[in-house]
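2 protein chains.
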Amino acid sequence: MGKGYTGQVLRVNLSDRKITIEHPDDAFYRTYFGGRGLIAYYLYREVPGKADPLGPENKLIFAGGPLTGLPLAGSGRNSVGAKSPLTGAYGDAEAGGFWGAELKRAGFDAVIVEGQSSTPVYLWVHDGEAEIRPAGHLWGRLTAEVEKAIKEELGDSHLRVSQIGPAGEKLVRFATVVNDLTHFAGRSGLGAVMGSKKLRAIAVRGHQNVAVAEPEKIRELARWMGENYQQLVGGLQDTGTAGGVVSLSLSGGLPTRNFQQGSFEGAEKISGQAMRDTILVDRDNCYACPIHCKRVVKVEGTYEVDPVYGGPEYETVAALGSNCGIDDLKAIAKGNERCAALGMDTISTGVAISFAMEAFEKGILTLEDTGGLPLRFGDTTALLTMIERIGAREGLGDLLAEGAKRAAERIGRGAEELAIHVKGQEVPMHEPRLKHALGVGYAFSPTGADHVHNIHDTAYTREGASMREARSLGILQTMPADYLGPEKVRLLYYEVNWRHFMNLAELCIFVPWTREQVLELMKAATGWNTTTWELAKAGERAINLTRAFNLREGFTELDDRIPRRFFTAFKDGPLQGKAIPAEAFEAARQLYYDMMGWDEAGRPTAAKLHELGLGWLLGE
Amino acid sequence: MGKGYTGQVLRVNLSDRKITIEHPDDAFYRTYFGGRGLIAYYLYREVPGKADPLGPENKLIFAGGPLTGLPLAGSGRNSVGAKSPLTGAYGDAEAGGFWGAELKRAGFDAVIVEGQSSTPVYLWVHDGEAEIRPAGHLWGRLTAEVEKAIKEELGDSHLRVSQIGPAGEKLVRFATVVNDLTHFAGRSGLGAVMGSKKLRAIAVRGHQNVAVAEPEKIRELARWMGENYQQLVGGLQDTGTAGGVVSLSLSGGLPTRNFQQGSFEGAEKISGQAMRDTILVDRDNCYACPIHCKRVVKVEGTYEVDPVYGGPEYETVAALGSNCGIDDLKAIAKGNERCAALGMDTISTGVAISFAMEAFEKGILTLEDTGGLPLRFGDTTALLTMIERIGAREGLGDLLAEGAKRAAERIGRGAEELAIHVKGQEVPMHEPRLKHALGVGYAFSPTGADHVHNIHDTAYTREGASMREARSLGILQTMPADYLGPEKVRLLYYEVNWRHFMNLAELCIFVPWTREQVLELMKAATGWNTTTWELAKAGERAINLTRAFNLREGFTELDDRIPRRFFTAFKDGPLQGKAIPAEAFEAARQLYYDMMGWDEAGRPTAAKLHELGLGWLLGE
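Top to bottom, those sequences are chains X and S.
This note's numbering runs 1010 ahead of the 1-based position in the first sequence.
This note's numbering runs 1010 ahead of the 1-based position in the second sequence.
Everything labelled a hint here was simulated from the structure, so no lab data went into it.
Source: prediction; values computed, not measured.
Hints should not be assumed to be uniformly reliable.
[Unchecked claim] Once the Cα atoms are required to be at most 25 Å apart in a straight line, the calculated SDA-like pairs of lysine to any residue come out as:
hint : chain 1 : residue 1 : chain 2 : residue 2
1    : X       : K1547     : S       : E1226
2    : S       : K1547     : X       : E1530
3    : S       : K1028     : S       : P1144
4    : X       : K1533     : S       : E1230
5    : S       : K1533     : X       : N1238
6    : X       : K1227     : S       : L1231
7    : S       : K1547     : X       : G1474
8    : X       : K1227     : S       : E1226
9    : X       : K1547     : S       : N1539
10   : X       : K1547     : S       : L1231
11   : S       : K1533     : S       : A1475
12   : X       : K1547     : S       : E1530
13   : X       : K1533     : S       : G1537
14   : S       : K1227     : X       : E1237
Isolated chain X (complex conformation) (with noise of 0.2 Å):
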C-alpha cells in the first residue's frame, strides 16, 4: 500500500502547554475520515466517562476532513466538538467559512486542545508549527475586535480566525464558536468549552497546497460545478438560505411562536426575497465556493447593524423572527449581529428567549421573573434585550443561558412542556408535523435535535434532486411527507449514515454534488479504491460511535424522545389538527434500531460492532 493518505493533526495542551504534532496512518483515516467520526473517536478514546463538560477533562477538537481546503465548492468547512454542556452528550458542530481550509493548508487535518489554561490564551498555527499566545487583552471584547487585534498583534490581515465571543467566556451553554466572524459551530454549546480552556481564538495560516491523488480529476470536477451550480441551486443564491420562508409558511412547517404554530402572518416580512429587496447589501461565500448564498446585510438607525457580521440564515429568520413572534427583518438582523459579537447559537438563543415569551404570556414567568421586561411574542425590545442579559448572563438571560430545558426545570410550574428541546438542544427550524421522519431523526440524534444529519420528508413527496439521490441507494419511490412506514424508516436509515458520511467529508450539503460526484471526489482526493459502501459504512461507523459515547455518559433508550408538543395536533394554519401519531412514531423509532442494529435499549449489538470495524469498543 506504500505510505497511502497520511495528515497531521495538533495536539495542544492548556494545562502543561504542550504541543505535540501526531501523524495517524491511512488506515485511520480511511476508518474514521474526519469531522465527527476522528471527533467521535478521540473523545471516545481520550474523555473520561461522566467527565465534566466545562472542566479540563473534556477536550476540544477542531476536525477538518479529505476534502477540506481543495479548491473545490462545499470543501470549506470544519467541524468542533467535545462533551457538550448543553446536553452532556457527544456534541459537535459544522461551521463553513475559510477557517478550515486555512488549517489543512497549515498542515493540520485536526486541533485536539486539551486541559485548561489558568488565564486566557489564544493559539496561533502557522504552517506546521503552533504556538500558544497570551489573550488577557481580548478577553470580553466582541468577535469583530478580537479578529482585528489579532490579524494586527500578528502583523497578517490573511490569516483567519475560529474564536469564542464574550458569551462564550461566560460559558453560555449555547455559546458558538465562530470562524471568520461570519460562520458558526453553532450548535452543542462548544464555545463554553472553549470558554471554560480560557482558549479565546485559534488563529491560522498556511502557504502549503492540499495534496491529493488525482490533483487534475479535483480541478475537472470543481470546474464542473462552477459552470453548473446556477441552474441546480435554483434561488439559493439570489435569495440565501431564508429564500423558501414563505412556501415553507403556506405549507404550515415554520416554526411559529415557540413552535406553537406552523404559519407565520409575517412571513413575507421576514423573507429571504424581503432581505434581498431591503437591506442586503453582499452576498458572501466559504472557501472556494461560486455559489454565494450567505448574507451580508446593513442596517442603520434603530437596529443599526455592522455588515462585518453578515447577515441572517434561515435558521436565525426562523429562530429570531416568527419563533418569537416577530416580523420585523431588521431587528431580526440586529439580533444576528449581536449573536454573532457575543458568540452564542442563533437556534438556541432564539428557542430559549421563544420559550420564556410563552411561559410569560402563560403566567409561568411574571414581571418579577423578567426584571420588569415584558416578554411578549412579536416584541423587538424583549428580543434583543433579551440577547444581551443572555450573552452578559444577567436576570433571567443567566437562567435561559443554561439552555431552555435546565431554565425550564429550575422554573418549575409546568414549564417543561414549554421548551421545545431534545437532548437538552433546541429544536431547529423544522417542524416535524410537517416531516415526520425528520421528527424520529430529532430523537435518535447523539447531538439532540439536529436538522442537518437528517432528512426532510418533503423533499422526497415528488421527482427531483433528493429522490434521484434516494434512487441512487436503492429507495424507488417517492412518498408522502406524513407517511412514517417501513420505506420511510429506510429512507432515513441509509441517508443519516450518508448525512454521517458528509460530515466526515466536511463537504456543504447545500452544493449539488451528487451522491456519485462526492465518490468520485474521494477517490481523487485520497487515491483509495473507495466505494460508496465503504463511504456511508464510514458514516454509520461514526453514528455508532457517538452513540457508544452518548451510553458511556448514562444515555438511554429514554432520552431518544421529541417535545410532547409535536404529537398535539396544530389548532390553526395549514396543518390544522395535524399531529405525529405517537404509536406511528414508535413503531418508526424502533424500526430505525432495528434496522440500525440496535438493542431494544439503543445499544448497538456485538455483531454491529464488529460489522462496523469498531469491535474495540466491546473491550472498553
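Mind docking chain S on chain X? Use the hints.
Relative to chain X, chain S alone:
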C-alpha cells in the same frame, strides 16, 4: 423517470402449452436485477410451499442479467433455477457459454417454464417468438447428438441449445442443464427438474442488438479489458482453472479421497499444466470473452474423448480425480466427457462416487452392493463404470443418482458420516479446513455447499487483487485463512452480498473486473445512477429471498451445518492436525446471522426485510 430500463420475460406452460410474454417495469429490474434475484422472486411468488421438485408445481427459470448479451468479457452467463430435487431447497446454478447471450439477443431476459408436458418436447425461441416442438426423437440421446439434430431440424447452424442429457431424463438428482455442450448449470439438480417437465432443450436464436444507455462506455470498458486481461488473469488462459492443483495440494487444500486428505500424491499428473502438455488441443471461451479459460481435450485409445465436449475444469479434475484418488488425466477427461454427454454435474458425481469408494473400502458397501465392482480409490474402471451406472440409474448407480445424502441414509451402517454434503448438495472442491470462512459460507448457502457465492480465505492472507477489492468495501487488513474472528465474518458478509450481486449481474468472477468497473458497467447498461451500495444491497436482497424460500420449505438453522469431517483433524499432509474448531465455527456462523439481521433461528427480522424492500414477504 420515463420508461427506464425494461425487458421481456417469456412464460411457457408445458401443461396447457400457453405461451405469454410479460414486460416487467424499471422498478422490477432495479429491485431484482436478474439471475438469482429474479429467479428467487418468481419461485417464492409462484411455487407453492412444499411443492414436489419433480412435479408440475415446480417452475424452471432461465435468467440472464442486465449485462447479458453485451459484447463484454464475462457477460456470457445465465442462471437456471427451480426448487432443487437434490436439496428440497431453493436451487439454482449458473452456466457460461453463448446461450444466455443468444436468449437476450432473441429479446428475453428470462424464460419461466411451468407445468409438465406429457410427451418429450423442446422449446424454440427466436427473435421475440417461441414455440413448443415435439422431442420424442431426441429423447434418450446424448447431448451432442441432440444439439446437432436440433440445428439440422431448424436449419440454423448458429442457434444455441441449452438442454439436458439422458441423466436429466432419468431424473438423476444432480443432473445438469448444459449450454452449448460444454458449459454447465451444474449444481442443484436442475436437469432433473427439466427432465420431469419432459423438456429436453431450449434452442434460441436472436438477431437483436441489446440496447444500453451508454453503448460507447460499454465498448470502452470492453476494449480496456481486451487490452489488459492478459496481465491480470495470470495463467488462467495457459493452464485453465486447473492451473492451481499442485499448489493447492502443497497447501493441503486439495480434496483427496472423499475429503479424507487434503494433499494428493498424483497432483502433478492431473494438473492444468499436465493437461496443457498432453491432451489439450484447443482453448475455448464464452460469449465475447477473450480469456479462453475453457479447455478442449482430445484423447485416443482406451479413454477416447471427443473434443466436442470440451475438457475438464478444476472442479472436475479434483472431483473425478484427487477426490476419487485417481491420477490418470485421460480417465478424468473421459469421465468429464461422459458427464457432459449424459448431463450430470461432475462435482456431485465425483463426490457421490468418492462416498461409495470410501464406504466400500470401509466395508460399509460390499461387492454385493456394487454388483461385483470393486469400488476402490484410484480405480479408473470403478469411476467410469459408476458414471455410466448413475447416468442409467442401474444398480448402485440408481442409489447414487439420488445424491450422496439420500444414498447414505438408505445404506445406513454409519454411511452418513461419509456423505460430504450440505443440505444434500455435495461439497465442491474447496477444503474448509484450509479456508475456514468458506466452510461457514457452505453452511448458510441457500443451495447447499457452494463455492461461487463464497469467499476463499486464502485470497485475503496477502496483498493482491482480492485484498484490493476488500479494501474498496472498507476492510483494510489481510488476515489468516484459518482465522474465524469478527473481521473475517465481516468480510464474509460483505463479499457474499457482492458475490450474489455478481450473480444477479451474470458477470463471470474469473474476468478481473474491479468493483469500480462493475459499477460503471451497470450504470452504462441500465442508465441508472446506481451505487455500490445499491448493488451490494441487491445481492443481500437476493440472499434473503432465497432464505425466505427455504424457511417456507421447513429449513431451519439446524440445516446450516457442514459435515463433521471438517471438524476432524487431517491425519497427514500439510494440514496434519488441522481442523475447523467447532466453537469458532459456531460463533462465526451466529455472528454472520447477526450481521445479516437474522434471528437465532436464522430468520430475517422484519427490519431487515423492510430495509431491503422485502416487506411484502411479511404479508405472505
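Against the structure, the hints:
no.: 1; hint: K1547/X / E1226/S; verdict: violated (32 Å)
no.: 2; hint: K1547/S / E1530/X; verdict: holds (21 Å)
no.: 3; hint: K1028/S / P1144/S; verdict: holds (15 Å)
no.: 4; hint: K1533/X / E1230/S; verdict: holds (21 Å)
no.: 5; hint: K1533/S / N1238/X; verdict: holds (22 Å)
no.: 6; hint: K1227/X / L1231/S; verdict: holds (19 Å)
no.: 7; hint: K1547/S / G1474/X; verdict: holds (23 Å)
no.: 8; hint: K1227/X / E1226/S; verdict: holds (21 Å)
no.: 9; hint: K1547/X / N1539/S; verdict: holds (19 Å)
no.: 10; hint: K1547/X / L1231/S; verdict: violated (28 Å)
no.: 11; hint: K1533/S / A1475/S; verdict: holds (23 Å)
no.: 12; hint: K1547/X / E1530/S; verdict: holds (21 Å)
no.: 13; hint: K1533/X / G1537/S; verdict: holds (22 Å)
no.: 14; hint: K1227/S / E1237/X; verdict: holds (24 Å)
Checked against the numbered hints listed earlier, the structure breaks hints 1, 10; every other hint is satisfied.
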